[in-house]
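Sequence positions in the sequence shown follow full-length UniProt numbering and run 1 to 324.
Among the hints, a few may not be true.
Quick list of in silico lysine-lysine cross-link-like pairs, DSS-like style, CA-CA up to 27 Å [as the list claims (entries may be wrong)]:
hint : residue 1 : residue 2
1    : K303      : K56
2    : K316      : K56
3    : K254      : K303
4    : K303      : K316
The calculated label-pair distances, taken between Cβ atoms and stated as ranges, are [claimed, not checked]:
hint : residue 1 : residue 2 : range
5    : Y15       : R133      : 35 to 41 Å
6    : H114      : D191      : 33 to 39 Å
7    : S132      : D191      : 44 to 50 Å
8    : S246      : N41       : 15 to 21 Å
9    : M315      : N16       : 30 to 36 Å
10   : Y317      : N152      : 18 to 24 Å
11   : N16       : N170      : 32 to 38 Å
12   : Y311      : P30       : 22 to 28 Å
13   : A253      : N33       : 36 to 42 Å
14   : T197      : Y153      : 43 to 49 Å
15   : S242      : W25       : 18 to 24 Å
Don't read these hints as lab results, they were simulated from the structure. Glycine included, each C-beta is placed from N, C-alpha and C at the ideal position.
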Amino acid sequence: MNGLAAATTGASINYNSSLPRWEWWPDAGPLDNGDRGQYLNLSSGVDIWYTTFGQKSNHTPVLLLHGGTGNSNQMYLQANILARSRQVILQEYAQESITRGEGRSPYANFDKFHYDDFTHDAIALLDHLNISRVAVVGWSDGAIVGLDLAMNYSSRVERVFAHGANLQANMSRPGLKDPIINSDSGSLDADFASNGTTYSVNGDGLTKRSKKRATDVYTCASLSPLPQNCSAMEAGVSLMWSTEPSWGPEALAKINCPVWVVDGDHDTSVERNQADALAAWIPFAGQLILPQVGHPALLEDSKFFNFAMEYFLDMKYDGVLPYY
């Protein structure tokens with residue numbers, strides 16, 4: 001299968017229609033560069049794994065940031081298609097990947113996770129690569145880091161495609177009485193048992209969670225040089241999720257680049273009020289709710305996701321407003 005076909009349809013061919021698509025969590029897959037990468041040793045003593053490939057062109061390079069306790073291969077369907085027209089950079093922190101300790105980045109020489117640390121690591125990598133400015137495509141924790149970059153390093157970020165981010169750790173504000181949906185999960189959670197209907201039950205909020213599949217070969221245990229530390233890494237990330245992020249409108253108002261806030265309409269890992277608040281509080285942000293997908297929309301419906309992603313990356317902007 002060539003790169004384009006893999007990037008647009010690779011995940012969908014394995015979909016089992018016996019369950020709703022938003023309950024399907026597809027496996028990660030290989031990068032077109034053979035998963036080749038290298039390590040950058042930071043001054044803090046932390047090693048982060050990264051890879052860069054694709055076509056150097058007039059397009060701004062794209063930094064792809066994966067989800068918490070995940071790895072760069074979760075974004076293979078995006079990286080492979082973007083690499084056909086521009087340079088892509090993927091970074092694995094020390095969490096399981098996008099953050100320190102993740103994926104191939106060893107969980108060593110630090111004991112706590114913070115989104116600001118992941119953001120500093122991304123800037124250190126861009127400095128190392130001598131890349132002055134990037135567009136960011138982030139998923140979940142990666143989207144949070146992308147927004148953190150836009151808030152604190154505005155000169156380095158051209159635009160942010162933020163998929164599945166939350167702005168408050170407990171997801172309790174702006175409140176459970178969300179005008180769009182107010183179910184027990186804070187989002188649509190319909191399944192066959194409910195005949196596809198979601199009922200409002202005034203939920204108490206939830207904590208962002210990740211899922212693992214037994215068939216996935218791209219795991220912390222298989223990628224990390226210190227697999228014995230994977231459980232500790234996952235516990236550390238869960239602890240971070242209980243307290244971070246904690247942004248309000250004043251912080252998000254600092255963002256002055258184009259942003260699309262993107263989420264699946266059946267995302268039960270991040271409440272809908274989080275996407276609504278991000279879109280409302282980031283100046284001139286756009287909001288895109290993807291149909292019939294959940295938190296891993298980039299894998300569940302990569303064809304639609306990639307179309308929207310490339311459309312956003314190619315959009316011409318004049319000042320803060322888009323002109324066509």
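If any of the earlier hints don't hold here, list their numbers in rising order. Checked against the structure, the hints that fail are numbers 3, 8, while the rest are satisfied.
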